[in-house]
Amino acid sequence: MFTALRQRFEAWVTRGQRPARDPVRLERRRIYILPTRYGYAFAALLFVLFLWSINYSNSMGFAFTFLLVAIAHNSMWQAHDTLLGLIIHPADVEPAFVGQDARLCFRLENPGPEPRYGIALQWRDQPPSYVDVPPSGAAAATLTIPATQRGWLRPGRIRILTRFPLGLLQSWSWVEFESAALVYPQPRGQRPLPAALPNSSGGGLQEVGPGSEDYAGFRPYAPGDSPRRIAWKAAGRSEQLLVKRFTDQARSELWLDWVLLGDDPVEARLAQLCQWVLKAETESRRYGLQLPGVRIPPGQGDMHRRRCLEALALF
Amino acid sequence: MRFWKQQHNSLASRPAPSAGEEHAKVCAQTPVELLTSTALIWVILTLTLAVAPHTNELPVWLAPAFFIVAAWRGVIAIWQQPLPPRWLLLVLALLAAAGVLVSYKTLLGRDPGVALLTAMTACKLLETRGLRDGVVLVFLGYLLVMSNLLYSQEIPMVAYLLAVVVLMLVSQMLIHRQHAGLTALAPLRLAGKMVLLAIPVMLVLFILFPRIPGPLWGLPKDAYKGRTGLSDEMEPGTISQLIQSDEVAFRVRFTGAMPSPKQLYWRGPVLWGFDGRRWTRRDELPSKTPFPFTPEGPALDYAVLLEPSNQRWLLALDLPASLPPRAGMTRSFQLLRERPVNEVYRYEVRSYLQYRTGELTSAERFLGLRLPSKSNPRARELVEEWRARDPRPESLVNAALALFREQSFHYTLTPPLLGFHSIDEFLFRTREGFCEHYASAFVFLMRAAGVPARVITGYQGGERNEMGEYLIVRQSDAHAWAEVWLEDRGWVRIDPTAAVSPDRIQQGIYAALADTGTLPFLARRDGHYAWLRQLALSWDVLNIRWNEWVLAYGPDRQKEFLSGLGFGTVDWRGMTIAMVAALSSLGVIFITLRWRSRRSRDPVVRAWQQFCHRLAQHGLARGLHEGPLDFTERVIAQRPELAKPVREIARLYTVLRYGPVHPSMAVRQLQRQVRRFRA
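Here the protein sequences line up with chains D and X, keeping their order.
Mind the numbering: the first sequence is residues 43 to 357 in the numbering used here, read in order.
Mind the numbering: the second sequence is residues 795 to 1473 in the numbering used here, read in order.
Think of the hints as simulated: they come from the structure by calculation, not from any bench.
For glycine and all other residues, C-beta sits at the position ideal for the given N, C-alpha and C.
Treat each hint with caution, since some may be false.
What the hints assert, rightly or not - Partner residues are not named here, just some residues of chain D that face chain X (Cβ under 10 Å, in silico): (1) 65; (2) 69; (3) 114; (4) 147; (5) 174; (6) 324.
To be verified - Simulated DEER-style distance windows between Cβ atoms: (7) 1133(X) <-> 90(D): 47 to 55 Å; (8) 53(D) <-> 1366(X): 25 to 33 Å; (9) 182(D) <-> 1451(X): 32 to 40 Å; (10) 880(X) <-> 168(D): 51 to 59 Å; (11) 86(D) <-> 880(X): 22 to 30 Å; (12) 86(D) <-> 1379(X): 52 to 60 Å; (13) 90(D) <-> 1370(X): 19 to 27 Å; (14) 1378(X) <-> 168(D): 38 to 46 Å; (15) 1412(X) <-> 168(D): 38 to 46 Å; (16) 1412(X) <-> 342(D): 51 to 59 Å.
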């Protein structure tokens, strides 16, 4: 119930805030401050010191107690100033798979001439991660959010907080950005990769041209060949320099098709397809993806893989 | 992330079939945030410094034990050793408590309390692992600082403890840093700054926070033990022992001219009872009004700054005619405060140096003549001889003084020991004594002769500090003299020591003694190390200011001071209002300063902000993500006619802001350009 109340309070405080597209500067009116539990304990300590001073009529005891009061008060200003004017840039996000942590990397910019210490970003009840921001500089704060569902992961309200300098008070503010992390389905499933489809020009092995993937014997060295391809051991045995010969796997043009997965549940199918995409990519095969309403022609490489995974995530 | 390590270790060591669930459970608990070893070492060092001044007051074993434990914990922190097991901690804690109990026979009281605090801090050190433990340690450290103030509030100690507080703040900052950016130097600078900024608020609270007269509840018996000073008893050796100390007893500022040294008799306890060897005080009820007498000379006003004595009496010149607040006066003209003086206490008194007192009550006559029977027969015989010659009290007094003056009596700090008939032995055999011997013998002779007499203890003379125009009275000025009651004059002060050694009264103890080697340094007056004594006197000027304005600033002094400012009598309501007003104005000053410093920080930044502001008024606000060059390019794209000045300003700004040098000419040029700029 407490959590529910707190969430409603947060929603109420931030009711005027729209998710931001641009960097956000923390203004006075959106910074809040409250004592931490150490702050309350410190107040109790001050009370004990005060009674002690009265009882012993100890003049310096009073001075000491009052000094600590003033320092605690001072630390309130400092906690406030640590956040005031800080600029938070929208996060750079890296996509993640379900079950992993999505990493949101925020850039905190300090326009002031004083360093700002001990600033943390916190998402819900995850442990906060602390950074220091140098004067007239910036620092990166990474927030890791567990990715539980495929699709766009919107972190929502993020708490930016500091307990600097003495840990007695916590000042904080809420920011919310439009930026979201893409979460791919979890790669899961036992099915082997589907068989390669017969090519239109006829099936079987076909040497399309010199490639770099499958080893296919030696040939003599010709100027322009990469030194890395020289087969030194074989060259030692023969009279001339030999170069390894490779062919690309034209045979392995795969279609990863939704239909192949029969009547599995949707998420299980997506998980299996995701696993296939990764597997096909690591095996360096050309693959295409076919989903209801989506058709990605066969291809290979990071960009292609990404395109396929995005299609799976957003299906 | 070190503080996660513990959890992961415990996870790994367990054969967990459902690792996922287990992990979720562990994460749901609040993780123990471990202390960094840097923070821990700072805490250990600071606590050691906080305990160090206690070394002399603690039981012999405790301070070394604390230092060993601190070093041990330091080793554990540096070399990442495991902490001692729980059972060992428990054993150590019980041992420490038992040790304190054995050393003091009790756990209650100031000294056992401080010892327990020290012992428990040591035990806590051995248990400390996480952030919360660190916070507890720092809080214990603040309590230790406070406990040091119960023993000494002198300037060097206060300065030392202030430094300890700064280090304590550094430790606290380091405990709460879960990030690596702070080196030890930055928090030191920050802590210093925090203390400096805190001082104005502290001063306002110190001066204006309405003080409550303590104590709120009973203090432990040993709260103020270990103070040297007069006691309410006197036997041979009491005063000569006190003479060995050059501690300040009190300091005096006179409103008018300072009287001559031979008039300075500072009246302390008045002793009536005698058992043949020891003189004791009589319990007299103090009255709320000064006990009347007839002044026969001008009044003398002065303020006394009494050092804590843990006794109720207040010293005043013979004879006091006014009462400080919360004090009373007995029929023996002794000032008594309601409760013992345990803080530096300042009070103002009026005295008359010439006076005539009134009648003697029958009880006083009885007490003033009472002597233990069958003691000191030879002295009694001598008195009978005198009485046979001339029974008038005045001539009896003179006969006794003549005895001291004319026979070979010596004034010495190291008199021979005396037995049961102490007066006889002193008068007829040893003839060497200190003021208590003379006062005691004189009063005995007078009582034996039928003249009511009593012993007065207190201080005589004092050292004039020319630099601060005040008088310093030290324990080495302690003195004892006599008063006899004469029919037509009342109580008359007779100082038999003056008969033996007039120098003692005229020039102080140093001039009077032949064996000055045993005197403490500051009681001496010879030419050796005169510059050092001069230095000591300058230091004392600082001390009297400190005592007058800081240590003596209690409920009475506060009212007096604030009422003296010209707002009439100030009570706690007035103080509270003044305090709130002062704090608010401090706040206004602080906010104004902050605002101004924010505005006028850097002329280059200011000029640039002015430029951006001007453009913003024309709908060309700079986005937070835009650097100066991106921004100017956008401005030029939208308003090509401004290209020239905008480019120039942007160029100057980037050169000044990010370039290696700051020619002031360029700064002025930038400011000029911005001033001229019209969008």
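So, going through the hints one by one against the coordinates:
For residue 65(D), the interface hint holds, since its Cβ comes within 10 Å of a Cβ in chain X; the closest pair sits about 4 Å apart. About 12 Å separates the beta-carbon of residue 69(D) from the nearest beta-carbon of chain X, more than 10 Å, and the hint is not met. For residue 114(D), the interface hint holds, the least distance from its beta-carbon to any beta-carbon of chain X being 9 Å, beneath 10 Å. Proximity of residue 147(D) to chain X is violated relative to the hint, the smallest CB-CB distance being about 15 Å (cut-off 10 Å).
For residue 174(D), the suggested interface contact is upheld, since its CB lies about 3 Å from the closest CB of chain X, less than 10 Å. For residue 324(D), the suggested interface contact is broken, since its CB lies about 25 Å from the closest CB of chain X, more than 10 Å. Range check, residue 1133(X) to residue 90(D): about 23 Å between beta-carbon atoms, so the 47 to 55 Å window is missed. Distance hint for residue 53(D) and residue 1366(X): a CB-CB separation of about 46 Å, inconsistent with the stated range 25 to 33 Å.
Hint check: residue 182(D) to residue 1451(X), Cβ distance near 22 Å, so the stated range 32 to 40 Å is violated. Checking the proposed 51 to 59 Å range against residue 880(X) and residue 168(D) shows it is violated: the Cβ atoms sit about 31 Å from each other. The given range of 22 to 30 Å is respected by residue 86(D) and residue 880(X), whose C-beta atoms sit roughly 27 Å from each other. With their beta carbons about 30 Å apart, residue 86(D) and residue 1379(X) fall outside the hinted range of 52 to 60 Å.
Taking 19 to 27 Å as the suggested C-beta distance range, the pair residue 90(D) and residue 1370(X) conforms, at roughly 22 Å. For the hinted restraint 38 to 46 Å between residue 1378(X) and residue 168(D), the CB-CB distance of approximately 41 Å keeps it satisfied. Restraint check, residue 1412(X) to residue 168(D): a C-beta distance of roughly 44 Å satisfies the suggested window 38 to 46 Å. Judged by the Cβ atoms, the range 51 to 59 Å given for residue 1412(X) and residue 342(D) holds: they are separated by roughly 53 Å.
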